[in-house]
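Sequences are here, hints too, so could you generate the full structure?
Protein chains: 2
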Amino acid sequence: MQLHHRFFCPHSRFVRLILAERGVEVELIEERPWERREEFLRLNPEGTTPILTVGSGLAIPGSEIIAAYFDELDRPETDRRLMPQGAIARVEVRRLIHWFNVKFFEEVSGPLVAEKIDKRFMAPEHGGGAPDTNALRAARANIRYHIRYIGWLAARNDWLAGPELSYADLVAAAHLSVADYLGEVPWNDDETAKDWYARVKSRPAFRPLLADRVVGTPASATYADLDF
Amino acid sequence: MQLHHRFFCPHSRFVRLILAERGVEVELIEERPWERREEFLRLNPEGTTPILTVGSGLAIPGSEIIAAYFDELDRPETDRRLMPQGAIARVEVRRLIHWFNVKFFEEVSGPLVAEKIDKRFMAPEHGGGAPDTNALRAARANIRYHIRYIGWLAARNDWLAGPELSYADLVAAAHLSVADYLGEVPWNDDETAKDWYARVKSRPAFRPLLADRVVGTPASATYADLDF
Numbered sequence: 001m002q003l004h005h006r007f008f009c010p011h012s013r014f015v016r017l018i019l020a021e022r023g024v025e026v027e028l029i030e031e032r033p034w035e036r037r038e039e040f041l042r043l044n045p046e047g048t049t050p051i052l053t054v055g056s057g058l059a060i061p062g063s064e065i066i067a068a069y070f071d072e073l074d075r076p077e078t079d080r081r082l083m084p085q086g087a088i089a090r091v092e093v094r095r096l097i098h099w100f101n102v103k104f105f106e107e108v109s110g111p112l113v114a115e116k117i118d119k120r121f122m123a124p125e126h127g128g129g130a131p132d133t134n135a136l137r138a139a140r141a142n143i144r145y146h147i148r149y150i151g152w153l154a155a156r157n158d159w160l161a162g163p164e165l166s167y168a169d170l171v172a173a174a175h176l177s178v179a180d181y182l183g184e185v186p187w188n189d190d191e192t193a194k195d196w197y198a199r200v201k202s203r204p205a206f207r208p209l210l211a212d213r214v215v216g217t218p219a220s221a222t223y224a225d226l227d228f
Numbered sequence: 229m230q231l232h233h234r235f236f237c238p239h240s241r242f243v244r245l246i247l248a249e250r251g252v253e254v255e256l257i258e259e260r261p262w263e264r265r266e267e268f269l270r271l272n273p274e275g276t277t278p279i280l281t282v283g284s285g286l287a288i289p290g291s292e293i294i295a296a297y298f299d300e301l302d303r304p305e306t307d308r309r310l311m312p313q314g315a316i317a318r319v320e321v322r323r324l325i326h327w328f329n330v331k332f333f334e335e336v337s338g339p340l341v342a343e344k345i346d347k348r349f350m351a352p353e354h355g356g357g358a359p360d361t362n363a364l365r366a367a368r369a370n371i372r373y374h375i376r377y378i379g380w381l382a383a384r385n386d387w388l389a390g391p392e393l394s395y396a397d398l399v400a401a402a403h404l405s406v407a408d409y410l411g412e413v414p415w416n417d418d419e420t421a422k423d424w425y426a427r428v429k430s431r432p433a434f435r436p437l438l439a440d441r442v443v444g445t446p447a448s449a450t451y452a453d454l455d456f
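One line per chain: the protein sequences are Y and F, in this order. If you use our numbering, the first sequence corresponds to residues 1 to 228, in order. If you use our numbering, the second sequence corresponds to residues 229 to 456, in order.
One or more of the hints may lead you astray.
[To be verified] Derived lysine to any residue pairs resembling SDA-like cross-links, with alpha carbons at most 20 Å apart:
no., chain 1, residue 1, chain 2, residue 2
1, Y, Lys103, F, Glu334
2, F, Lys422, F, Glu392
3, F, Lys331, Y, Phe40
[What the hints assert, rightly or not] If you want the ones that stay clear, here's a sample from chain Y, every Cβ over 10 Å from chain F, calculated:
no., residue
4, Pro124
5, Val214
6, Pro218
In short, the hints are calculated from the structure, not lab data. Remember, it's a predicted structure, so these values are computed and weren't measured experimentally. Don't be surprised by glycine CBs; every beta carbon is placed ideally from N, CA and C.
Below is the structure:
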């Protein structure tokens with residue numbers, strides 16, 4: 001398998017966590033989607049990361065479709081499923097995947113990564129340049145209510161969507177992790193959210209993400225620290 | 229079941245088509261999401277249409293999660309499934325659901341409905357007012373390549389994602405239908421796309437959508453005509 005990804009794309013990170021939790025080996029191929037590389041667009045006309053290629057000819061675009069693909073490989077009796085069994089619980093996991101992949105991404109992780117990382121690697125004609133301070137200010141305000149929401153979810157159950165670890169925890173942690181790298185998570189705002197994140201972060205599947213670095217932007221002090 | 233929807237929200241229309249194809253009766257409750265009605269936000273904190281409530285206490289937000297919910301109600305041996313069986317075919321249907329719900333919506337159906345319908349019902353503080361002609365011009369340029377893409381997909385197979393009608397056809401037709409209502413589909417650009425749409429449109433499940441009207445914006449001449 002090959003994963004076309006970016007190291008600080010939260011949707012790509014969600015897929016790396018899924019693969020690692022399942023013990024699946026994958027070759028990582030870094031993309032700069034804004035360069036619209038032809039081979040990449042053939043794999044996914046939408047031109048977005050991540051894309052997972054499986055065997056010959058199957059290219060699975062997007063973290064939600066990749067998550068559904070692996071869920072359907074499992075037989076219900078298999079252990080280590082990242083989706084619960086019941087219809088109501090499955091709706092809740094999917095709701096949270098959408099919440100983080102769309103809402104948290106639009107309001108927090110998307111602008112943080114675009115302004116503080118991607119723009120430094122983009123040519124001016126692709127949108128590169130200095131960060132937009134208004135976008136950063138909005139993201140910093142938005143993350144505060146998201147952290148409280150995560151704390152509220154984690155207080156209801158052991159994990160975000162129920163009593164077991166699920167895709168909901170992986171997607172939330174993937175998006176939070178890029179904000180954490182950039183030192184943008186107000187951890188002291190919510191102890192419950194912090195405790196939940198410490199539990200996800202200490203899983204072996206998380207370790208490769210904690211080793212990621214981007215040139216010119218050092219990781220925050222909390223990023224790779226399991227007892228932050 | 230109750231569907232919280234808007235008549236010209238393409239995501240809501242996709243769900244109405246799913247329910248009608250399955251022969252499921254539903255009570256329609258119209259929402260104006262921008263008014264952020266409290267009961268509506270309790271059902272879905274994202275505050276977007278559609279939301280389907282099923283029995284007591286289960287609120288399913290978003291057309292993709294609603295589609296997945298019904299798919300999982302089916303046993304594989306059941307007829308009238310709107311998802312194919314094989315993993316590769318399922319990836320393709322999901323890819324197209326995402327393509328229309330995200331990309332076509334961002335580039336075409338979203339701006340057309342926002343500018344030509346929703347803004348007329350919004351108070352100025354919610355963004356109401358005159359249509360943005362730049363947004364309309366962009367949507368009119370974008371729909372031309374989407375129509376060619378639909379024609380290309382329909383030429384490969386009988387239906388957009390394969391030899392059988394699937395969610396892919398319903399989602400594409402739902403998004404196209406709002407553009408068609410507004411007279412914004414260049415049908416003469418692609419005969420194959422037009423033939424495919426005529427086939428979807430003539431299904432009994434489509435009939436209720438063809439009766440929808442919005443005050444002050446009459447339907448285009450092609451909208452309710454099965455031989456347009």
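Status of the hints after comparison with the structure:
1. Lys103(Y) with Glu334(F): With a Cα-Cα distance of about 15 Å, the restraint between Lys103(Y) and Glu334(F) holds, given a limit of 20 Å.
2. Lys422(F) with Glu392(F): holds (18 Å)
3. Lys331(F) with Phe40(Y): With Cα atoms ~17 Å apart, Lys331(F) and Phe40(Y) stay inside 20 Å; holds.
4. Pro124: holds (22 Å)
5. Val214: holds (27 Å)
6. Pro218: holds (34 Å)
Every hint, counting from the list given before, is met by this structure.
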